[in-house]
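Q: Kindly produce the complete structure, drawing on both the sequences and the hints.
As given, the protein sequences belong to chains A and B, one line each in that order. Sequential numbering of the first sequence, starting at 0, is according to numbering that gives the first Met the number 0. Sequential numbering of the second sequence, starting at 0, is according to numbering that gives the first Met the number 0.
Simulated from the structure, these hints should not be mistaken for laboratory data. Just so you know, these numbers come straight off a predicted model, no measurement behind them. From the three backbone atoms N, C-alpha and C, an ideal C-beta is built for every residue, glycine too. One or more hints might be untrue.
[To be verified] Here chain B is said to cover these stretches of chain A; the calculated rule only asks that three of the stretch's residues, wherever they fall, bring their Cβ under 8 Å from a Cβ of chain B:
1) 3 to 12
2) 15 to 25
3) 41 to 52
If you want the building blocks of each chain, they are given just below.
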Amino acid sequence: MIDDLDCKTVSRLISEGQDKLLTPPERARLRLHYVVCQTCREVDGQMSFLRQAMKRLGRDEPSQR
Amino acid sequence: MTLESELAALHAPLLRFAKLQLRNDSMAEDVVSEALLAILEKPDNFEGRSSLPTYSTGILKFKIVDLIRLRGREVHIEPLDEQSLDDALDALFQKDGHWQEPPPAWQQPERALEQSQFFEALQVCVDRLPAKIGRVFMMREWLERDTEDICQELGITANNCGVMLYRARMQLRECLDGNWFRGQR
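A: In structure tokens:
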């Protein structure tokens with residue numbers, strides 16, 4: 000298998016993965032890309048962080064005021 | 000402190016959340032009043048199981064979801080011109096699909112979650128999203144609803160929904176990078 004995904008496609012797949020379960024081949028291709036691309040791996044983490052932060056935006060913020 | 004005075008302190012932040020979601024001041028005021036009334040009518044349901052801010056935000060979320068359901072198709076969201084969305088996203092990448100400017104790593108993002116200033120920065124970024132994209136994104140991430148439900152309710156295609164969420168996430172990532180994490184480096 001070769002890393003045939005470009006970073007733009009990867010960023011879209013990361014977003015899709017937050018809304019639905021990606022197929023096993025899609026997940027495998029993403030992981031292969033992460034092996035060679037640290038930037039996209041980082042962006043994946045940032046997107047997960049964003050989701051976590053959004054949940055807390057609703058939950059915790061009133062208590063801090 | 001009485002329940003009333005505790006709720007009084009929460010009124011402003013709750014209203015801000017409701018306005019952000021509904022983008023309609025009078026509706027937001029109504030829905031916050033309904034949520035407060037629901038809490039005051041059945042104070043036994045809140046027995047300190049969670050904090051009052053958490054509890055009241057939860058009630059408010061349900062009320063907002065109800066209201067959106069009730070309004071149904073009145074909430075008219077025009078499908079976005081996918082071409083213009085693509086153009087904005089294209090600017091982030093080179094022609095061969097590589098990052099135009101590779102996003103830098105974020106230092107200890109988990110620490111940001113402990114800081115109220117971070118949530119203020121996040122709020123500023125969310126407010127900057129185009130209205131329609133912001134609503135779809137808030138329904139997804141804040142109300143934590145299924146993408147399928149959101150598309151159906153707003154009468155937009157799954158693909159359009161996906162593009163809107165993608166754009167919201169990319170824009171927020173950029174905004175947080177500039178508004179928060181760059182200052183931490």
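Q: Hint by hint, say whether it matches the structure.
A: Structure-based check of each hint:
Evaluation of the coverage hint for the region 3 to 12 of chain A: fulfilled, as 6 residues show C-beta separations to chain B shorter than 8 Å, against a requirement of three. Requiring three or more residues with a Cβ within less than 8 Å of a Cβ of chain B, the coverage given for the region 15 to 25 of chain A holds, as 4 such residues are present. Given a C-beta distance limit of less than 8 Å, the hint that chain B covers the region 41 to 52 of chain A holds, as 10 residues qualify and 3 suffice.
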